[in-house]
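Line order of the protein sequences matches chains A and B.
My numbering applies: residue 1 is where the first sequence begins, and numbers increase by one.
My numbering applies: residue 1 is where the second sequence begins, and numbers increase by one.
No lab work stands behind these hints, which were simulated from the structure alone.
Be aware that a few hints might be false.
Unchecked claim - Residues of chain B clear of chain A, computed beta-carbon distances all greater than 12 Å:
1) Pro4
2) Val6
3) Arg7
4) Trp33
5) Leu84
As the list claims (entries may be wrong) - Taking lysine-lysine and the DSSO-like style, the derived pairs with C-alpha atoms no more than 27 Å apart in a straight line are:
6) B:Lys57 / A:Lys107
7) B:Lys57 / B:Lys76
8) B:Lys41 / A:Lys39
9) B:Lys57 / A:Lys39
10) B:Lys68 / A:Lys58
11) A:Lys11 / A:Lys26
12) A:Lys107 / A:Lys39
13) A:Lys39 / B:Lys76
14) B:Lys22 / A:Lys26
Built from N, CA and C at the ideal position, the CB exists for glycine as well.
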Amino acid sequence: MNSETLYRILKKTNEPKGYFFNRDRKITMELLEGLLTNKARYGYMCCPCRMAQEDVEKDRDIICPCDYREDDVQEFGSCYCGLYVSRNWNDGVIEHTTVPERRPAEKC
Amino acid sequence: MATPPVRLFALSTCIHCKALKKLLTRNNITFEWTDVDLLPKEERDHFFAQIAEHNPKKSFPIVMIGNKAIIGDQRKLILKELGLVDEQ
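Pulled out of the complex, with its shape left as it was, chain B reads as follows (with noise of 0.2 Å):
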């Protein structure tokens, strides 16, 4: 079954969002990957106004795998929700 595209939104001095980062490429999962934080200002308010119904605290990391987000180091759903098995 092919995986839907697989989005990682960050912060760059995250360390949360670093391990998200090495979870997903230990497990050969290829992903976009984008630090919110370095984003001009614009566009940053623009993400944050599309995700706020749903991520109120605008917490990160966040991980959208086809249209569905997993905010936070949630790697158990994250890889549950990729049919995976994290051997580490």
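So here's chain A without its partners, still in its complex pose (with noise of 0.2 Å):
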């Protein structure tokens, strides 16, 4: 699979939850390379914005898209990677800002 690929296929099933790619598509590209790079090294789509433990089971939180987008979206109007965001983010209503590593340290 290539990235134009993913890209159509994950924004058919996220954007109808309210999730959106990043409008900038330089950055959304680059990301969903690196997920596809972690798709073959790790065999998932660990998150390209840490660091993989490569065990499935340790990094389950962080597989794309993680346990953390909802709360970060909500509170940042971004996740951690800016890679989704809210329609808001988009559109600039919300500032931008850095989202901070919700995860907690003990799975790091």
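Using the hints, build the complex out of the two chains.
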């Protein structure tokens, strides 16, 4: 699978839930490439902005979309990576800030 | 004033890490770059053991300016530490 195909599949399933790709297509495509790299490396699409432990059980909460996306998009308008954002974030209604790591330290 | 050595620890797939690399490059900062996810496991474990106290969540990027570590995409803080103002 290439990143264009992944883009189309994920867009179709995520937009109806209120999760949009970052309007900066270059960023979005680089992150999707990162997901495909991790899929090839680890066997699952681990978050490209986090260090994988190379153990699917330990990394389950950071397989994209990660367990923290819902709270991060709700609070900051964007997930930790900036791949998934809200409509308001894309429209510039929400200020773009750095999203802090919500994942508990004991899982990292 | 001479700039202390700058090192950037990153993940090869991380967009925030790439953004900082571009920031340092366009500000003509000489820096060393390490993709921690591409290191052999032993080296990676050693790296994380060293930073555990200050970075328990293993967040990236990590910019070292001399002995000072700045964790995350904190470009304003990084530029301030380097005595620079980014034009972009």
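**Request:** List, from low to high, the hint numbers that the structure doesn't satisfy.
**Result:** 10 and 13
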